[in-house]
Each structure stands twice: as C-alpha cells, then as structure tokens.
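2 protein chains.
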Amino acid sequence: MGEYPIVSVLVIDGIIVSRGHNQRIQKGSAILHAEMDCLNNAGRLMAADYQRSILYSTLSPCDMCSGAALLYGIPKIVVGEHNSFLGPEDYLKSRGVQLEILYDLECRQLMESFIKNNPSLWYEDIGKEII
Amino acid sequence: MGEYPIVSVLVIDGIIVSRGHNQRIQKGSAILHAEMDCLNNAGRLMAADYQRSILYSTLSPCDMCSGAALLYGIPKIVVGEHNSFLGPEDYLKSRGVQLEILYDLECRQLMESFIKNNPSLWYEDIGKEII
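Protein chains in written order, with the working numbering: chain A, 13 to 143; chain B, 13 to 143.
Just chain A, same shape as in the assembly (with noise of 0.2 Å):
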C-alpha cells in the first residue's frame, strides 16, 4: 500500500521551524494532511509567529489546509506542483495571502504517481468516491 508523498514545512525567519507529513494511514487521520500535521507539530505559536512566516507544501493546500493558513494569518504559502490538485487558491488570494507556485516537476510525479497506484487512498483524503 502506497503512502501519500506529501510534505510541509513552516518557516520563520528563514529557519524551518516545524515539518509535517501526510498520517491519514499512519495514525488514521482525517484531518493531519502535510500542512496540518507541520502546523501541530509547530505546537502554540504566537499570532505574530505564524504572521512573519511561509507555509511549504508539496501540493496545492486543500479548503482545510488553506483555512488554517486564514486562520493564523499565514502570509505567504509556496506549493509544489497544483496540476495534480487544485486548492482554493483564488479565494487565498482574495483574503490576501501570496502563493508561490513553483511547478516543481518531481513534486508533479510523485503525485502522478501515487494517484495512479492508490486511487482510492487519494480520493479518500480529499473527502471524494472514486469515479
């Protein structure tokens, strides 16, 4: 069985302050998407922590991913690749968080390639039935 090869890192300062992966399999968590599991390892920032910081993300964030960069006031999230998945982005955009899409071509393969070998792993974590 494949595991999802999706990562994060929160950075402050230039210093990568906390780094999260996928646990849907390993703890069975529906919400510990890369960028939620980097976000509680990071354990109870300050607001101006989070508001001086960038969120890295192997995929585009997910609504709930991308709510929590609202919620903290996040500024500036760069994603890896968002042609295998297509966050919020626009609406990111509109409450005024920067996005950096880097179009990161191994980030854009794996991805590929673990949605053709575990497709319903996939659709799970992004709350649809396969098709």
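If you are wondering where the hints come from, they were derived from the structure by calculation, not from laboratory data.
Quick reminder that beta carbons are idealized off the backbone N, C-alpha and C, glycines included.
Careful, some of the hints might be misleading.
Said to hold, decoys possible - On the chain B side, residues computed to face chain A include the following (Cβ under 10 Å):
{"hint": "1", "residue": "K39"}
{"hint": "2", "residue": "N52"}
{"hint": "3", "residue": "A54"}
{"hint": "4", "residue": "L57"}
{"hint": "5", "residue": "Q63"}
{"hint": "6", "residue": "R64"}
{"hint": "7", "residue": "P73"}
{"hint": "8", "residue": "A80"}
{"hint": "9", "residue": "L111"}
{"hint": "10", "residue": "E112"}
{"hint": "11", "residue": "I138"}
The hints should help you fit chain B onto chain A, whose structure is shown.
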C-alpha cells in the same frame, strides 16, 4: 487556568458518530479545535458518510474548521452561537453549506465568560494578539 468550552459532534443518519472538544491546552495543539478533534475522532470515513452528515459546534466555525467541512462536503453545520466569534459563514453558504444558527444563550454565556477570564488563551486560539 480556563479550558476552552467549545465542543462539537458529528451526526450521521441521526446518530452521533463522533465527539470532540478543543485540545489546545490538553495536547498543546494548534489544530485541534473542537470541530477538528471531532472529525479526527471520527476516523477515516467514506465520502458518502460525510455527505449526509451534520456537524454541530458550540461556536461559529473558524476558517480552518469551515475548510475541513468544505473538504469533506459536509452539507450542514449547526452552530450554537455566532456572536462571540463569527467564522466565514457567508463563504460557507456560497459553497453550498447550510448553516443553522441556534442563538443559544447558554453557549453565548459560556463563551463570553471564557473570553473575559482567559483573553490570552482566546486570542491565541483564533490567531490574534491581544489588543
């Protein structure tokens, strides 16, 4: 020290399948708002389960918890009160989520008392500094 008086339940086909409460203090978690804890405690559900569920919360769901509901296609959220805190309810409605606000006096008094007695905890939980 106070404890966040915010709880949540997930109901499917009239049955409570999961319960949650804010775990910021107990688990040092920045992501375990009551609704998130509830969704986490529910484990890995099928998309079809979420799509006929109702999420209940003491308080209007924040950006993160609203995003989680959107991710999983939860069609209805019942909110105890939204005077102490107002989440992105208009955005939820624009995405097709039905919201029912109960204007429950007990929920509101619980929240007002908690916020008055624990302002730093409260503002930390919604990503703000105390003014």
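Status of the hints after comparison with the structure:
1. This hint holds: B/K39 has a C-beta 9 Å from the nearest C-beta of chain A, less than the 10 Å allowed.
2. At about 5 Å, the closest approach between the beta carbon of B/N52 and any beta carbon in chain A falls short of 10 Å, and the interface hint on this residue holds.
3. Interface restraint check: B/A54 against chain A, minimum CB-CB distance 7 Å, threshold 10 Å, status holds.
4. The interface hint given for B/L57 is met, as the beta carbon of that residue sits about 7 Å from the closest beta carbon of chain A, less than 10 Å.
5. About 8 Å separates the beta-carbon of B/Q63 from the nearest beta-carbon of chain A, less than 10 Å, and the hint is met.
6. Evaluation of the B/R64 hint against chain A yields a violated restraint, the C-beta minimum of about 13 Å exceeding 10 Å.
7. Because the beta carbon of B/P73 sits about 9 Å from the nearest beta carbon in chain A, less than 10 Å, this interface hint is met.
8. For B/A80, the interface hint holds, the least distance from its beta-carbon to any beta-carbon of chain A being 4 Å, beneath 10 Å.
9. Taken as an interface hint, B/L111 does not check out: its beta carbon lies about 16 Å from the nearest beta carbon of chain A, beyond 10 Å.
10. This hint is violated: B/E112 has a C-beta 20 Å from the nearest C-beta of chain A, more than the 10 Å allowed.
11. Hint on B/I138 holds. Least Cβ distance to chain A is approximately 7 Å, under the 10 Å limit.
Consistency note: the structure conflicts with the earlier hints numbered 6, 9 and 10.
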